[in-house]
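Undergrad: Residues in the sequence shown are numbered consecutively from 10, following my numbering.
Hint data in this document are derived by calculation from the structure and do not stem from the laboratory. Errors might be hidden in some of the hints.
What the hints assert, rightly or not - Dumping the calculated DSSO-like pairs for lysine-lysine here, alpha-carbon to alpha-carbon at most 27 Å: (1) 305 / 236; (2) 60 / 115; (3) 242 / 355; (4) 164 / 122.
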Amino acid sequence: MVNTLPQSTPKQPKAGIKQPSQETILTPRFYTTDFETAANLDLSAQETELKAMLAEMRADYNRHHFVRDETFEQSWEHIDPESRRAFLDYLERSCISEFSGFLLFKELSRRLKQRNPLLSEIFHLMARDEARHAGFLNKAMTDFKLSLDLAAVTKTRTYTFFPLEWVIYTVYLSEKIGYWRYIIIYHHLQKHPENQFYPIFRFFESWCQDENRHGDIFKALLRSQPKLWNNWKARLWSRFFLLSVFATHTLTVHERAGFYHSLGLDPTEFDRQVVRKTNETAGRAFPVMLNTEHPKFFPRLHRCSDYNSKLVEIDRSSQPKAVKLIRKLPLAIAIAWNLLLLYLIKPIDAEAMRLTVR
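Just need the whole structure built from these sequences, with the hints factored in.
TA: Listed below in structure tokens is the structure:
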């Protein structure tokens, strides 16, 4: 189900205001959910954990972290045009993603205020963090004489409805994969400071702690609902969302390989690291993990990435739409087929592993 906010007649953007990139299956989306179900969640199984995390959120350890210092006060004309375009694309995508989280958490907080005060305050503080991240990223874009009109974006973007269960799965994974993306880049640039071409990367260590904390909150929400982890349906859904998030990450990283090259990172190796680490982390919350060590796992993911690159090339061509569609169809089918084969790889029973450790 898709809800679209009323759209006004498009206006010419003001000078310095960047038109958001066209929405695709890989671009960050805006979501809405079933607020009534959220209000009725029984959190008793994880109430102690959630209250402890609320105390951390109230402490706001990063409240003084996202402050621009003198290192931003310089010209960035020395960055070559290709790296600049790749970096601006990264900033825009990250800003929209953080802003999407802000809108969802803000609305959840507002809708739950009277009926679930604990969860309402948690979402309010998570929205604070996401707004802080989005604002910091958008301010970084102004160093390159561009910015996003986020108020306008809320009026023109398509809002996709996700059942609350899907929101819990996907937000948990997006926060944890965000943590690993940020921390791997941060550690890499600590070892190779010559590739740190812009100061925002110095903020990634504390930044990713926000992502990690948000993920832990959604882990507690997930584990508070037995139907999300203790039955066969939960196992199938866990596999689906793990694969969806990993496939999106692989396609996105390779589609924007120029950005990672500018940091001195190999996109393929970076993708493998992020996927493996996120998969291991998800094993602490989900009933299953994907078998990322299966000999066909990454080759099939990368094959999907290759097919996606060809789809992008076709889209950019000047051919008629009908011709593009005919050329794209077999590639789309090939991606779907490879994803199906990946889904059918026997997963790892994370629940059994936890019981063994105990």
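Undergrad: All hints are to be evaluated individually against the structure, with a verdict given for each.
TA: Hints, one by one, checked against the model:
1. 305 / 236: 31 Å, violated
2. 60 / 115: Holds, at about 19 Å.
3. 242 / 355: 15 Å, holds
4. 164 / 122: 24 Å, holds
Hint compliance for this structure: hint 1 alone is broken.
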